[in-house]
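Trainee: Work the whole structure out from these sequences, hints included.
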Amino acid sequence: EAQVTQNPRYLITVTGKKLTVTCSQNMNHEYMSWYRQDPGLGLRQIYYSMNVEVTDKGDVPEGYKVSRKEKRNFPLILESPSPNQTSLYFCASSQQGARSPLHFGNGTRLTVT
Amino acid sequence: AQSVSQHNHHVILSEAASLELGCNYSYGGTVNLFWYVQYPGQHLQLLLKYFSGDPLVKGIKGFEAEFIKSKFSFNLRKPSVQWSDTAEYFCAVAYGGSQGNLIFGKGTKLSVKP
Chain D
1 EAQVTQNPRY
11 LITVTGKKLT
21 VTCSQNMNHE
31 YMSWYRQDPG
41 LGLRQIYYSM
51 NVEVTDKGDV
61 PEGYKVSRKE
71 KRNFPLILES
81 PSPNQTSLYF
91 CASSQQGARS
101 PLHFGNGTRL
111 TVT
Chain R
1 AQSVSQHNHH
11 VILSEAASLE
21 LGCNYSYGGT
31 VNLFWYVQYP
41 GQHLQLLLKY
51 FSGDPLVKGI
61 KGFEAEFIKS
71 KFSFNLRKPS
81 VQWSDTAEYF
91 CAVAYGGSQG
101 NLIFGKGTKL
111 SVKP
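Residue numbers (the working numbering), protein chains in the order written: chain D, 1 to 113; chain R, 1 to 114.
Treat the hints with care, as some may be off.
Unchecked claim - Partial list, computed: chain R residues near chain D (C-beta under 7 Å):
#: 1; residue: N32
#: 2; residue: H43
#: 3; residue: L44
#: 4; residue: L46
#: 5; residue: K49
#: 6; residue: A94
#: 7; residue: Q99
#: 8; residue: G100
#: 9; residue: N101
#: 10; residue: L102
#: 11; residue: F104
#: 12; residue: G105
#: 13; residue: K106
#: 14; residue: G107
Said to hold, decoys possible - Straight-line C-alpha distance at most 30 Å; calculated BS3-like pairs for lysine-lysine:
#: 15; chain 1: D; residue 1: K57; chain 2: R; residue 2: K106
#: 16; chain 1: R; residue 1: K113; chain 2: R; residue 2: K58
#: 17; chain 1: R; residue 1: K69; chain 2: D; residue 2: K57
#: 18; chain 1: D; residue 1: K65; chain 2: R; residue 2: K106
#: 19; chain 1: D; residue 1: K57; chain 2: D; residue 2: K17
#: 20; chain 1: R; residue 1: K109; chain 2: D; residue 2: K57
#: 21; chain 1: R; residue 1: K109; chain 2: R; residue 2: K71
Stated by the list, open to error - Among the chain D residues that face chain R by a calculated CB cut under 8 Å, a handful are:
#: 22; residue: M50
#: 23; residue: V52
#: 24; residue: G97
#: 25; residue: F104
#: 26; residue: G107
Read the hints as simulated data drawn from the structure, not as lab findings.
Glycine included, C-beta positions come from ideal geometry on N, C-alpha and C.
Mentor: Structure (structure tokens):
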């Protein structure tokens, strides 16, 4: 089954404790992207990757890192999480960039205390 | 900066009522336009998309949208809503100048009363 898999689904952590949210897709998509969803703000793009070893900042990249060492994986790293990063995070992938329809993961709800 | 505006934050309708959700985007040349839907507790799913050609596009579950270039609009419509359409709806725009940046509106929550 074609899917984007994120882990974990729920995560509660404390300020400053490094964490990684994993994202994997099995559709051989070139493009992958991370979004955060906050009430009243919709989805805002954090980082995206057009292909392996190619990443770029979205609209809200501060406090986040990403890497794209393999085509299928695109982990999101929070080196020193802060409470304002409490949010619902979605990973998405597509065949070719933002102009192709996106396939979304099920989301990761992160709480930073 | 490019932006996408959805005019209604929360829309409440009774079953069988007609729906129109507004979406406007800032000028930026060639655009690809999308509507995504997020059912309660779920991830986003594609409803429909516009790339080129006929400005009236049909999507899943009886939804359609009309691209009006002169108004920079891409409004979503459905003639008769059902309770199962209760969800949040997001308009999204990919501008031709950027391969990677997809800009979402803030979303419109639709509640359909049975």
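Trainee: Look at each hint and say if it fits the structure.
Mentor: Hints versus structure:
1. N32: holds (4 Å)
2. H43: holds (4 Å)
3. L44: holds (5 Å)
4. L46: holds (5 Å)
5. K49: holds (6 Å)
6. A94: holds (4 Å)
7. Q99: holds (4 Å)
8. G100: This interface hint holds because 4 Å falls under the 7 Å limit.
9. N101: holds (6 Å)
10. L102: holds (4 Å)
11. F104: Holds: closest Cβ of chain D sits about 4 Å from F104 (chain R), inside 7 Å.
12. G105: holds (6 Å)
13. K106: This hint holds: K106 (chain R) lies near chain D, its Cβ roughly 4 Å from the closest one there, short of 7 Å.
14. G107: Since chain D brings a Cβ to about 5 Å from G107 (chain R), closer than 7 Å, the hint holds.
15. D:K57 to R:K106: holds (20 Å)
16. R:K113 to R:K58: holds (24 Å)
17. R:K69 to D:K57: holds (29 Å)
18. D:K65 to R:K106: Status holds; Cα separation ~24 Å.
19. D:K57 to D:K17: holds (23 Å)
20. R:K109 to D:K57: Holds - the C-alpha atoms of K57 (chain D) and K109 (chain R) are around 28 Å apart, at most 30 Å.
21. R:K109 to R:K71: It holds: about 23 Å lies between the C-alpha atoms, which stays within 30 Å.
22. M50: holds (6 Å)
23. V52: violated (14 Å)
24. G97: holds (4 Å)
25. F104: holds (4 Å)
26. G107: holds (6 Å)
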